[in-house]
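Asker: Residue numbers (this note's numbering): 1 to 288.
Source of the hints: derived by calculation from the structure; they are not laboratory data.
The C-beta atom is built at its ideal place from N, Cα and C for all residues, glycine as well.
Accuracy of the hints is not assured; some may be wrong.
Said to hold, decoys possible - Okay, the calculated beta carbon distance ranges per label pair:
1. P81 - V212: 46 to 52 Å
2. G10 - A96: 25 to 31 Å
3. T175 - I221: 40 to 46 Å
4. V212 - T175: 30 to 36 Å
5. A202 - N264: 47 to 53 Å
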Amino acid sequence: MARAMALTKGHANDPRAYYVDVAKYPPPAKQVRSSSHRCRQRSTHNVGKHTVQVAHASRGVAIALALAIPDCRTVLSDSKPAIVNFAPNNVHGTTARVCSTIARSETNVTVKWFPAHAGELDTGPNRNEEADTEAHALTSRGSQSTHSSEPQRPDAEDEEYSITTYGDVLQWYKTSRRLYPLPHRDLQRSEAATLRQLQVQAIWTPVWAKHVCPEVYTTDICQHCKKARATQRHLLWDCEPPPGNQEAMPTAISSKIISREPGNQRDVVQHVLSILERQRPKAAPPRV
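Work out the full structure, taking the sequences as your base and the hints as a guide.
Answerer: Below is the structure:
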């Protein structure tokens with residue numbers, strides 16, 4: 001994730017940097033479509049359609065085709081095997097032919113590896129994901145097949161693009177199950193922890209604290225209104241939830257815990273901490 005954010009930030013305004021990716025055509029075609037995505041202008045180049053037998057070979061061809069773009073100086077790909085093969089000049093035959101055809105000896109182009117499945121990034125749009133989306137769009141891979149004799153397998157993935165490594169599988173599950181954005185890196189650790197607790201509705205309340213440290217929190221009655229138990233809902237609604245309202249928290253809070261903006265995240269954390277501070281007994285240790 002750190003590498004993905006660093007590369008995204010470093011090439012955010014670089015008009016000569018291109019992200020490349022490929023997508024396979026639906027069967028019975030045995031071709032793949034390459035696309036390159038310019039970093040700054042967000043323009044997509046349909047750089048070619050080719051036939052290969054090995055997945056990383058198709059990505060190698062995508063890199064080679066990007067080299068043909070006149071102003072290209074940096075190519076970013078999420079295929080480490082394809083990039084590694086470029087270094088010892090051990091590229092696939094199709095890639096070698098493309099390179100020899102578009103060779104520009106007077107131009108130096110840097111090829112960099114960009115981590116796949118990085119998801120949304122704090123430092124800017126994930127252009128690698130955009131290149132992948134554009135490549136799939138060029139193949140119309142998401143549409144229904146027009147061949148009645150072809151078996152329909154809407155959930156099947158092509159072997160070449162299946163997720164097989166432990167890291168990729170773990171990242172896929174983490175990303176697909178994530179309901180809320182991560183705390184912004186500008187937040188302090190304590191602020192990030194409070195935001196996470198708020199997102200999962202598990203903030204530190206007197207009702208909970210009385211069970212954990214009863215010697216400090218001797219009562220779970222709200223110290224502000226002195227009328228009701230200091231549950232999370234009671235505190236977040238400032239002691240008076242609207243009649244008939246069953247929401248766990250006000251919209252002013254729920255809208256900010258789904259925000260990726262550091263300002264919104266910090267505002268809602270500081271607001272909640274100020275609410276909890278009113279409930280802290282005098283004997284309680286200061287909040288770190």
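Asker: Confirm or reject each hint.
Answerer: Hints versus structure:
1. Range check, P81 to V212: about 51 Å between beta-carbon atoms, so the 46 to 52 Å window is met.
2. A beta carbon spacing of about 30 Å between G10 and A96 agrees with the range 25 to 31 Å that was offered as a hint.
3. Between T175 and I221 the C-beta distance comes to about 42 Å, which sits within the given range of 40 to 46 Å.
4. Look at V212 against T175: about 33 Å separates their beta carbons, and that is inside 30 to 36 Å.
5. Between A202 and N264 the CB atoms are about 20 Å apart, so this pair departs from the stated range of 47 to 53 Å.
When the structure is compared with the earlier hints, a violation turns up for hint 5 alone.
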